[in-house]
Amino acid sequence: MAGYAFILILFMSLLAFYIGRSAGNRFHVAAGRDTHSLPGYHGAFVAVWVGIPVLVLVLLWLGLQRPVIDQLLIASLPDAMTAGADRAQLSLYISEIRNVASGRIFAEPTEAIRIAANSLVRWEALARWAMLVVAMAVMLVALIIARSRLTPRFRARNAVERVLSGLMIFCSLVAILTTLGIIVSLLYEAWQFFRLVPVTEFLFGLRWEPQIAIRADQVAGQGAFGAVPVFTGTLLIATIAMLVATPIGIFTAIYLVEYANERTRKMVKPVMEILAGVPTVVYGFFAVLVVAPAVRQTGSLVGLEISPNSALTAGAVMGIMIIPFISSLSDDALKAVPRAMRDGSLALGATRGETVTKVLLPAALPGIMGGILLALSRAIGETMIVVMAAGLIASLTFNPLDSVTTVTVQIVTLLIGDTEFDSPKTLAAFALGLVLFAVTLCLNVIALRIVQKYREQYE
Amino acid sequence: MSSSDASLSASFDWSSQTAAARRRKRHAADRRLQLCGIAAITVALGLLAVLLISLISNGYRAFVQTMVTIPVYVNPDHVNADDPARGNYRAIVAQSLQALFPDVTDPAEQRLLGQILTNNSQFFVRDRVVADPSLIGRTFELTTPAADPFDQLEKGVIRRDLPESQRRVSDLQIGWFDKLKAEGRISTPFNWGLFLNADSRFPELAGLSGAIVGSFYALLVCFLISFPVGIAAAVYLEEFAPKNRWTDLVEVNINNLAAVPSIVFGLLGLAVFLGFFGLPRSAPLVGGMVLSLMTLPTMIIVTRASLKAVPPSIREAALGLGASRHQVITDHVLPLALPGILTGTIIGLAQALGETAPLLLIGMNAFITAPPGGLLDASTALPTQIFIWADSPERGFVDRTSAAILVLLGFLVLMNGIAIFLRQRLERTW
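Residue numbers (UniProt numbering), protein chains in the order written: chain A, 1 to 459; chain B, 1 to 430.
Hints were generated in silico from the structure; no laboratory data involved.
Note that CB positions come from ideal geometry on N, CA and C, so glycine has one too.
Watch out, some of these pointers could steer you wrong.
Stated by the list, open to error - If you want a taste of the chain B side facing chain A, the calculated C-beta under 7 angstroms gives, among others:
| id | residue |
| --- | --- |
| 1 | Arg26 |
| 2 | Ala29 |
| 3 | Asp30 |
| 4 | Ala40 |
| 5 | Ala44 |
| 6 | Trp192 |
| 7 | Ala232 |
| 8 | Asn244 |
| 9 | Asn255 |
| 10 | Pro261 |
| 11 | Ile263 |
| 12 | Leu267 |
| 13 | Leu268 |
| 14 | His326 |
| 15 | Val328 |
Said to hold, decoys possible - Straight-line alpha carbon distances no greater than 35 angstroms define the calculated DSBU-like cross-link-like pairs of lysine-lysine that follow:
| id | chain 1 | residue 1 | chain 2 | residue 2 |
| --- | --- | --- | --- | --- |
| 16 | B | Lys155 | A | Lys335 |
| 17 | A | Lys425 | A | Lys335 |
| 18 | B | Lys25 | A | Lys266 |
Claimed, not checked - Here are a few chain A residues that face chain B, going by a calculated C-beta distance under 10 angstroms:
| id | residue |
| --- | --- |
| 19 | Phe11 |
| 20 | Phe17 |
| 21 | Trp123 |
| 22 | Ala175 |
| 23 | Ile176 |
| 24 | Ile182 |
| 25 | Thr280 |
| 26 | Leu441 |
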């Protein structure tokens, strides 16, 4: 039904545009140069008047219809059922009513539920038709009002442009709204979690065992939410990734900036960019299929016991993924060092190597650091490689040959599958997400500041 | 100290042994650095090569499928012509197979024999008979995929020289399979099923069509949201916005948003779209909305760059002729910036196509055996399909996963190719 509503809005807007434009055309013929706006603006003015208010209305309607009907359903249930019931109980009633209404009956529903289901079907049909009728009426009224305002002297263009500006401002606010949405939803859900588990236990506890039993009185029904092992695992894997990526990335950048000829640069750069463009799920599969067995075999050759989901595997593959970020940002930083410094060093008789290590690198260091911080933030937030290649059990270890788990792995494993929204398991994922967001945000802000500040120095 | 400095400037013997040795040392250090650079590049490109080679060497096998062609006699005892959909097709397939091997009489061995064909062969027979009831009582040739172990046997993944206890097919089954092969009943055509079938528990039947359609819908939604919103936001920030604290905030915010981990967007989608607005799980609509929020910063940044590239003289000329600022943008600047914007859009969409983590959180990793019919149907996407298959234990899914990755990479190469083509063909420099 929503689809029909949108098609109707589209059709009516087109119709309105046509009506407005033909009016504008007539003004043009009658009044000639005295008309203020071109005919198209008259059309656009009427179309905007017809389309936008009703679009907002329909979207609001679609968003509010369900909660309102839910409230009506609750109100229609007999008092004996709703008296003293908490929110969870009420939402259980609602879902039962909806199941019955859509024909998914497992047990014989009670009389009250059946009546409620019948009224649900009736109300929903009513709401659907009411929406179409109301939308149509609003559009017709808007069409008449907008059309009646059109005169040869009417400043249709200014009105349309004001609306366009408003739309553009709204669109640029979407980015802010997204950030706000992230912060609010993470904070809200994490706050729910911290009502069940104290913040101090989450941040400093040493046991992470979020298994929740089906019944509250079962063993392990409590779960343990001390996130320290998860944090250390994340740090361990990110460190390994950085140990792999940083030297390779920086040496690559040095070679490309200082030693390589134009042809090599032109060939190597796009190929390195492929490394960055490969989806991370592919790296995850690569880690499981190729790298993990190779690492295990190498380990057994020298007599080391390496777990199949070792931190080493996940970290190393993540390092490969990060190489291009570090190399291209270091590349930028090295290139930003003024030509005069390099030429001066070379003119004094320093070799290229000495120029790089003693002049270029120190000068470019802040930029390179910024790049490394950005890459670190990416390593901490990376999901698919670790979900596929790292372990699930949180163990407090710094041994890279052991299996560890990361924040992102835990978020995914806690949220995959059908989990209800108010179990501590689900909420714990949001608390982890909040930590992840805060940490990567700090890293990003610092890194972006460093990179920007450094760029300005030589410009 | 000072005396040696003086002697250095006055009469330093540049060709002495010590100077030459020091020079050699310095040049060796220079060469070492250069070698380090070459080694780093070699390692990086070598790893890329290993990645691609391992994917191709696994994936190429999934592009052909071992098929078995057997004559099927539709025994009227098992099918009622009035209601062909309810016949005992399992028995029909089993009897047809046994007709080829009259000497196999032991029930246990007959069961082993039946394992050569894919589990769903009976449904293929049923579909044929339902479509054409005149087949009842007649014999027709059915070409059906071989079961996964025999597919692997034919492709040489299961080695015949292993002891019988270590492979998934017994010597007896290999004998039957070789007999079928000698009769010319085994063929390995191109595996269209990989593109035309939806997901299945059986590797020989599993295909990507559901994932491709799901990815298409999600990308469509992503495009429909992020393209107009991104352009509008970029135009406002670049052309209209005053320079003040608010617009600075928006700008910093956009840069940060581009670097937020993708899984956080998944959490946002889960909490807001699924939890608050009650949209359906696993729907391409929600997936596309989450992806569009992720793509938006890229879109805005790219669009602003191409708006900046349009020279001010064009704006000034249009303004000078009496156009309003909006007219300047819509009639002159945007058309000139469009190639750059399109290139950026395609690259942004390519990134969104490969994104997995946020789709996992909103449930687009469901096991669904039919392509989605609309934006609100449950579905998977290409990367999540890869994730599901990578978790499946059957050997056949390793090949399928690699093949699916090759398909995904193929789409990415295609999109990037189009972007490069557009850039070269349409983009202008002033």
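Results of checking the hints against the structure:
1. Using the Cβ-Cβ criterion of 7 angstroms, the hint placing B:Arg26 at the interface with chain A is satisfied: the shortest such distance is roughly 5 angstroms.
2. Look at B:Ala29: its Cβ gets to within about 5 angstroms of chain A, closer than 7 angstroms, so that hint holds up.
3. Taking 7 angstroms as the C-beta contact cut-off toward chain A, the hint placing B:Asp30 at the interface holds, the least distance being around 3 angstroms.
4. A cut of 7 angstroms between beta carbons decides the hint on B:Ala40: the least distance to chain A is about 4 angstroms, and the hint holds.
5. Evaluation of the B:Ala44 hint against chain A yields a held restraint, the C-beta minimum of about 5 angstroms falling below 7 angstroms.
6. A hinted interface residue such as B:Trp192 counts as satisfied when its beta carbon comes closer than 7 angstroms to some beta carbon of chain A; here the least separation is about 24 angstroms, so the hint is violated.
7. Annotation: B:Ala232 was flagged as interfacial toward chain A, and the flag holds, the nearest CB pair being 4 angstroms apart, inside 7 angstroms.
8. Contact between B:Asn244 and chain A, as hinted, is not supported at the beta carbon level, the nearest pair being about 13 angstroms apart and thus beyond 7 angstroms.
9. The restraint placing B:Asn255 at the interface with chain A holds, with a minimum CB-CB distance near 6 angstroms, inside the 7 angstroms limit.
10. Nearest Cβ of chain A to the Cβ of B:Pro261: about 3 angstroms, under the 7 angstroms cut. The hint holds.
11. Interface restraint check: B:Ile263 against chain A, minimum CB-CB distance 5 angstroms, threshold 7 angstroms, status holds.
12. Annotation: B:Leu267 was flagged as interfacial toward chain A, and the flag holds, the nearest CB pair being 4 angstroms apart, inside 7 angstroms.
13. The restraint placing B:Leu268 at the interface with chain A holds, with a minimum CB-CB distance near 5 angstroms, inside the 7 angstroms limit.
14. A least Cβ separation of about 4 angstroms between B:His326 and chain A falls short of the 7 angstroms threshold, and the interface hint therefore holds.
15. At its closest, the beta carbon of B:Val328 sits 11 angstroms from a beta carbon of chain A; the interface hint therefore is violated under the 7 angstroms criterion.
16. Taking the CA atoms of B:Lys155 and A:Lys335, the gap is about 51 angstroms. The hint is violated against a cut of 35 angstroms.
17. Distance hint between A:Lys425 and A:Lys335 is unfulfilled; the C-alpha atoms sit about 49 angstroms from each other, more than 35 angstroms.
18. In summary, the hint linking B:Lys25 to A:Lys266 is supported, as the alpha carbons are separated by about 31 angstroms, within the 35 angstroms threshold.
19. At a threshold of 10 angstroms, the smallest CB-CB gap from A:Phe11 to chain B is about 18 angstroms, leaving the interface hint violated.
20. This hint is violated: A:Phe17 has a C-beta 16 angstroms from the nearest C-beta of chain B, more than the 10 angstroms allowed.
21. The beta carbon of A:Trp123 comes no nearer than 16 angstroms to any beta carbon in chain B, farther than 10 angstroms, and the hint placing it at the interface is violated.
22. With its C-beta approaching chain B no nearer than about 5 angstroms, A:Ala175 sits inside the 10 angstroms limit, and its interface hint holds.
23. At its closest, the beta carbon of A:Ile176 sits 6 angstroms from a beta carbon of chain B; the interface hint therefore holds under the 10 angstroms criterion.
24. With 10 angstroms as the threshold, the beta carbon of A:Ile182 comes within range of chain B, its nearest partner Cβ sitting at about 5 angstroms, so the hint holds.
25. For the restraint placing A:Thr280 at the interface with chain B, the shortest Cβ-Cβ distance is roughly 7 angstroms, inside the 10 angstroms limit, so the hint holds.
26. Residue-level restraint check for A:Leu441 holds (minimum Cβ-Cβ distance to chain B is 6 angstroms; threshold 10 angstroms).
The structure is inconsistent with the numbered hints 6, 8, 15, 16, 17, 19, 20 and 21, although it conforms to all the rest.
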